[in-house]
Amino acid sequence: MIGIIVTGHNRFADGVSSTVEMIAGKQEHYLNVNFLDGSSHEALHTALFEAVKTVNQGKGVLVFTDLKGGTPFQQAVMIAMNEPNVEVLTGTNIAMLLEGTLMRGGFDDVGELAKKLVETGLQQVTRFDKEDLMKRDVEEDEDGI
1 MIGIIVTGHN RFADGVSSTV EMIAGKQEHY LNVNFLDGSS HEALHTALFE AVKTVNQGKG
61 VLVFTDLKGG TPFQQAVMIA MNEPNVEVLT GTNIAMLLEG TLMRGGFDDV GELAKKLVET
121 GLQQVTRFDK EDLMKRDVEE DEDGI
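Residues 1 to 145 (UniProt numbering) make up the sequence shown, in order.
Hint data in this document are derived by calculation from the structure and do not stem from the laboratory. Source: prediction; values computed, not measured. A virtual CB, placed ideally from N, CA and C, is assigned to each residue, including glycine. Some clues are possibly wrong.
[What the hints assert, rightly or not] Pair by pair, the computed Cβ-Cβ distance ranges are:
id: 1; residue 1: Lys130; residue 2: Thr54; range: 45 to 53 angstroms
id: 2; residue 1: Gly91; residue 2: Gly58; range: 24 to 32 angstroms
id: 3; residue 1: Asp129; residue 2: Glu42; range: 44 to 52 angstroms
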């Protein structure tokens, strides 16, 4: 099974992971690493490195981060540069994290799963357009359906 680590500023990891746990239940080979106010880059790097070693079952590790360019992302990338089969995703949303959690057992290639999850994440970012919805309702009424 592909391991999962969620990291981000303050308690981002705990927050999004609590939603995943509510929907999908407690997960194995899944860890949160919070980057709390006052923590050092070195401490975060060490915590992430240890988390990678803990969750890696031989099929790789996905590291979900909050902000591209932020310290958690940077530290995860530094680890991924030196560790085989570690993929870093950023801009994490609940949909991509939940899908990754539920689908990871069916993938042998962590890179392929990472690509799929980016697509999922992008599909979830949208704007609700009330006017468009109202236009569709009027068109449907005109057709008499």
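- [ ] Provide an ascending list of the numbers of those earlier hints which the structure does not satisfy.
- [x] No numbers; nothing is violated.
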